[in-house]
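*Asks:* The lines below spell out each chain.
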Amino acid sequence: MNTPPARTGAAGTERSQESRRTFLQKIGLAGLLAGLGGLGFQSVRSLVPNVSYEAPLRFKIGVPAALADGVTFLEERRLYVFKEGKSFYAISAACTHLGCTVKYTKLQTPKQVEIDGQRRDVPFEFHCPCHGSKFYADGTNYTGPAPSPLRWYKLEMAPDDGQLLVDMGSEVERNFRLTV
Amino acid sequence: MSLFPTIKNAYRRLTWTWNPASEKEAGDAIVKNMLLHWFPNKVTKGSLSWNYSFYLGTISFVLFLILVVTGVILQFLYVPSVERAYASVKDIEFAVSFGWVLRAMHRIAAHLMVAVVFLHMVRVFLTGAYKNGLAVGAHRQVNWIVGLLLLIVTLLLSFTGYLLPWDQLAYWAITVGTNIASAAPVVGGWMRMFLLGGAVIDQGALIRFYVLHVVFLPGVVLLLFSYHMWRVRKDGGLAVVDHEALTEKPASAAPSKAKTYSLLGITNGTSVHVRTTEVDEEGDSVPSVPHLARRVWLVTLGTILLVFALSLIFRAPLEAPANPYVTPNPAKAPWYFLWLQEIVTVTTIKLGAFTVNGALVGGIILPALLLALAVWWPYRDRTGVEAVGVWFAPTRRRQNMAFLAICLLIIVFTLIGTFFRGPYWNFYWPWEVWPDMPVKF
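If you read the sequences in order, they're chains U and R.
Counted from 1, the first sequence has number 144 at position 144 by this note's numbering; the numbering is strictly sequential.
Counted from 1, the second sequence has number 411 at position 231 by this note's numbering; the numbering is strictly sequential.
Simulated from the structure, these hints should not be mistaken for laboratory data.
Ideal Cβ placement from N, Cα and C applies to all residues, glycine included.
Watch out, some of these pointers could steer you wrong.
As the list claims (entries may be wrong) - The following label-pair restraints were derived from C-beta to C-beta distances:
#, chain 1, residue 1, chain 2, residue 2, range
1, R, 201, U, 38, 28 to 38 Å
2, R, 275, U, 86, 24 to 34 Å
3, R, 252, U, 64, 43 to 53 Å
4, R, 592, U, 44, 17 to 27 Å
As the list claims (entries may be wrong) - Some chain U residues judged to face chain R by a derived CB distance under 10 Å, without partners named:
#, residue
5, 33
6, 35
7, 36
8, 41
9, 42
10, 43
11, 44
12, 45
13, 47
14, 48
15, 50
16, 66
Looking at chain U on its own, in the form it has when it is part of the complex (with noise of 0.2 Å):
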């Protein structure tokens, strides 16, 4: 169906005749590809957000004195924030085997676990309701089906108003200590 007409001629103009067909059939293929293979690109990156309407990463929790000896849960954010005197921390409150939120729980006998190298008597760790992971007080994993330690987050001091930053898009070690 496609073959061009036999043309008379020497062997030369035949071949000429048809490789021109085929390059312009060639470049027409291509063309459209880039034109198709462009609409398509711009549909799927209009779907790849440039916006995010979610809370910020970054925010501050109010001045240091107004914070509670202990442990605080903010809630909205799923964040344990502890003061120890000047000591200042964060663990984050998300279960690392499912995400579901961990409950800090008293303990009846305070546990003596190793934190930081050092062994101690520490009267609390966090439970995750929904499988049974549980985590010692720094936040280490030792039971359930939770792979890894609960994130410590990053805790500034903000320079214009001297109020707690939390900065949810920094994890650090678990000796971080923010003194003031």
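Dock chain R against the given chain U, drawing on the hints supplied.
*Replies:* Below, chain R without anything else, positioned relative to chain U:
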């Protein structure tokens, strides 16, 4: 390099249906390819002709496809809630990558589809393609009615989509439209309640229009369109085929062989054999693949290109957010209903103490009459088969003129409503400046 013939073979096996090497392969391709099975094996040259149909039906289908593809992507980005609709459309226009192109293409394709479907209807009327030819069992009048239904659904699709941006243009256009609908006798008020999901245009209306626009009405289009195409095949193809059958000259065929009988010995001369003529259909038909497939493909690409090019030039508008307390002056219906709004304005009749609302006369009765006339006409048309599938057939001259006159009136009223009407629906020349209207009272 021994891999190369294998690749070539695999490529050939995947793509042969689009590039058949013989007529036999072309016939096979129709049966073996899912997309191509839509076509008949062969089409007549008349059916293929650009000048007969201008491929308006094909163009409207391609526009529908563009609307579905852009529409589905927009569905990921648009939120049909009165609190969030406007902001989501603003985001599409300004924050989403290529969002403005998607929205512009969707709008351009929608407006073009209304226009092209209308033009397709005009073409079908002017070629008498709602008539049956000599073929037995054809019911083209039914397909004409299905086509009219498709036109109405197209208008409804455009109307329901118009509300979704929830800006002033959308809100007040739908106010005008639904109030015209409520002028229908007996059922009018109930119809408006049903459309809006309440007495006012609010969340109920938005979500109903949204579901109608993205699910229900496209579903109706697909059903009607499938029947529309199936009916074309059942009726023997485009109407021009009937015309070609009439004008074909029978050619003498070779006498078919028959047994020679004789009584008692050998006779001289010829014996009884069948002399026949045949209509040379073979000469007038070509395989659908590649000829029809190529033209349809060209039309598809051309339409996509046109919509894309127009989208780069004409951005979709977004006015102030919908405000039920501030009516823009003038408040206009979408352009394809402006001819109705124009008529509605001038047809409020006072009979003594009794006033007939123009919305009833111009908005309900007149379009209903036109529709009834359009539905009835194919059954009333008394012209013969010589007028089927012919542009401006002489025997159909008067009806063609009348039809064109009505179309022209509709177009003129649409133009007046678009360019010549300003605040308070006063007449303004297009170059006249409109007075500044107060935004809040």
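*Asks:* If a hint holds in the structure, say so; if it doesn't, say that too.
*Replies:* Going through the hints against the structure:
In this structure, residue 201 of chain R and residue 38 of chain U meet the distance hint of 28 to 38 Å, their C-beta atoms being roughly 33 Å apart. Roughly 43 Å separates the CB atoms of residue 275 of chain R and residue 86 of chain U, a value that falls outside the hinted 24 to 34 Å. Remark: the range hint 43 to 53 Å for residue 252 of chain R to residue 64 of chain U is upheld by a beta-carbon distance near 51 Å. For residue 592 of chain R and residue 44 of chain U, the hinted distance range of 17 to 27 Å is not satisfied, since their beta carbons lie about 44 Å from each other.
Because the closest C-beta pair between residue 33 of chain U and chain R is about 12 Å apart, greater than 10 Å, the hint is violated. Proximity of residue 35 of chain U to chain R holds as hinted, the smallest CB-CB distance being about 8 Å (cut-off 10 Å). Nearest Cβ of chain R to the Cβ of residue 36 of chain U: about 9 Å, under the 10 Å cut. The hint holds. For residue 41 of chain U, the shortest C-beta to C-beta distance to chain R is roughly 8 Å, which falls under 10 Å, so the interface hint holds.
The interface hint given for residue 42 of chain U holds, since its Cβ lies 4 Å from the closest Cβ of chain R, which is under the 10 Å cut-off. Because the beta carbon of residue 43 of chain U sits about 5 Å from the nearest beta carbon in chain R, less than 10 Å, this interface hint is met. Given the 10 Å rule on beta carbons, the hint for residue 44 of chain U holds: about 9 Å separates it from the nearest Cβ of chain R. Checking residue 45 of chain U against chain R: minimum C-beta separation of about 5 Å stays under 10 Å; hint holds.
Here the hint on residue 47 of chain U is kept, as its CB sits about 6 Å from the closest CB of chain R, short of 10 Å. Hint status for residue 48 of chain U relative to chain R: holds, with the closest Cβ pair at about 7 Å, below 10 Å. Interface restraint check: residue 50 of chain U against chain R, minimum CB-CB distance 6 Å, threshold 10 Å, status holds. The interface hint given for residue 66 of chain U is violated, since its Cβ lies 34 Å from the closest Cβ of chain R, which is over the 10 Å cut-off.
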